[in-house]
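Novice: The residues making up each chain are set out below.
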Amino acid sequence: MPPESSEKYSKEPQKRVNVGRRVFLGVTALGALGVIFGNSAQNILGNVFGSGVGGLLPGGDRFRIYSITGNYPKISRERYRLVVSGLVDRPTTLTMDDLEAMPKTSFTKTFQCVTGWRVPDVQWEGVKLADILTHVGVQPGAVAVSFDSYDRADTESLTLDQAHLPDVIVAYSMLGAPVTTEHGGPVRLYVAPMFGYKSLKWLSGIRVVDQVEPGFWEQNGYPTNGWLDGSTGPTNPNPGLT
Amino acid sequence: MSTAYAPAKTLRLLRFDRVQRTAHWVNATLFFILIFTAIPLYFGSFFGVVLPRHLIEQIHLWTGLSLALPVIISLVGPWGKAMRQDFRRINYWTHDEIRWIKTFGSSRLEADKFNPGQKLNAIFVGASILVMLVTGSMLQWFRFFPVSFRSGATFVHDTFAWIIFIVVVGHIFMALTHREALRSIFSGRASEVWAQHHAGRWLKEERQSKGGGESRAEEVI
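Going down the list, the sequences are from chains A and B.
Using my numbering, read the first sequence as starting at 1234 and increasing by one per residue.
Using my numbering, read the second sequence as starting at 1497 and increasing by one per residue.
So here's chain B without its partners, still in its complex pose:
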């Protein structure tokens, strides 16, 4: 089997293992439920007939409360080795990567498994999940907070919702315009050719570890 990106004999690198792919798609599903239930809650007055608001509220609440679970479960279990490795990759940056993000991607960089933009996206979304969880909980269990904090929590929840929406749209746009990267969140694998262009430093690491006879990369004939 061969595609434009995968010549007859090439390394197919394991970019996302089964746990990561599952976590991603569960997370994506929860995000979509949250966005779709948020629209009528936020724009209630735009609809002549509102949807059953209480039901939508409950769906939004429980989806929101479970949003962090796919990330946490995939990180902490014995199955989470790849997830934990990527977690470290995303957090620890070289000075080249910092320069790259400061120059908006115009400085030279041999990219890690994820480029600094992707890393920043992951960190921001992770932090936002916490912010949304806390402010959303303040709105649900408002009795425990003074009114000014409730108003502040509403302000933050709404502002972050807008930013997250834009970031998610950007994420989907980048995925649709980078087909091989997109394919790897379905199949888990990416070609060497792709890695040479988009994740050079990671490719070198993978080749080194392959020399030690490990299974993260496999031969495809």
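Extracted from the complex, chain A is given alone in its bound form:
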């Protein structure tokens, strides 16, 4: 090494290159591009290679398991009961066999969390909430439906109109298999046109009530009407989401 190199530092600082700024701006620019285009890049990759590849990418296509209580209530299929009560003609307690004997609805949708992660092509199977409401007979004066969970912490609500949407189901199958405990099994709610927090897990009760009772997440600041397009009115002006 020529000895004058050490003198360059003190006497000719202008010969130096601000690599720090370049790298810093480069890295932050990559981050910004990822925020703006990461979603579409994942969609394209998912379409080209199939959804399996999307799951391998960091951040993409995988479920984040949330639990309010820090625990999963474990309910066996045999002991599972769904209590339907409130402003109904025939208060009913449904077993798994009862649910499976009712008309089956199945579809494939993208599961979208309000915080940004999503899982495309999730298969769902269950009973339309509308069918259950018809089965028990909704009384005049009913306005909304409230939902309770076996975790004794989560609650949810839908207006009666929302509850009758065809892609709002009481689900017993998810991803081609019975709903697992961590995903809210054996039976959970799935509200396809809204963000994931509306799809209450470990569904224990359906109560038909005379006013909307904001659920757990709504009491913690999330919109009561969490439509996927970001609108928060009681009805969704943009049908055909997901």
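You may find that some hints are simply not true.
Once the Cα atoms are required to be at most 27 Å apart in a straight line, the calculated DSS-like pairs of lysine-lysine come out as [stated by the list, open to error]:
id: 1; chain 1: A; residue 1: Lys1342; chain 2: A; residue 2: Lys1307
id: 2; chain 1: A; residue 1: Lys1248; chain 2: B; residue 2: Lys1700
id: 3; chain 1: B; residue 1: Lys1598; chain 2: A; residue 2: Lys1248
Everything labelled a hint here was simulated from the structure, so no lab data went into it.
Quick caveat, the model's predicted, so the values are computed rather than measured.
We have chain A already, so just place chain B on it with the hints.
Specialist: Chain B only, in chain A's frame:
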């Protein structure tokens, strides 16, 4: 007192002053809290019983929000002279250093106080802190952003988390395999012999400034 690296009479160079050492260890502690709280948040489904998620989220959030503070506070205060000097050193590169990094360390180089690899690590981690702060804030205060940006922020936050994890593991590996460099982040000082091997250009600067009677290097008998 003497060690293998410090003969009986040698200059013990001040590599990191008290402010820098404090900033480093506070920063390291925050990083570890972030990594350990990130694991259950990311791999929630791997545990039969999840930990109290809300509490872990809050710890992760507040630790993340304060991650940049040790760097900023140690840089801007009247106590931050050494920190600011090193900040400039890390940013401004000679052409030799650029060549060294482009040839993956095979070109000749009389290293500065930090070699180009160490400089690159510092710049990358600094930029990553900003990226993680911004994307993490987008996930926390998601209401203000469209869903596609939230998904993008999740993607970036997760990807950078993986890269940062690998970089931190590499940093710790290098520290454990370079014991004298490691010791200087505890004691602050490094020997002349070490500097001759690992930071030749810096040693020359320190010797010159020592001639001017300044206190950054001290005699050890």
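Novice: Next, verify each hint and record whether it holds.
Specialist: How the hints compare with the structure:
no.: 1; hint: A/Lys1342 with A/Lys1307; in the structure: holds (26 Å)
no.: 2; hint: A/Lys1248 with B/Lys1700; in the structure: holds (19 Å)
no.: 3; hint: B/Lys1598 with A/Lys1248; in the structure: holds (18 Å)
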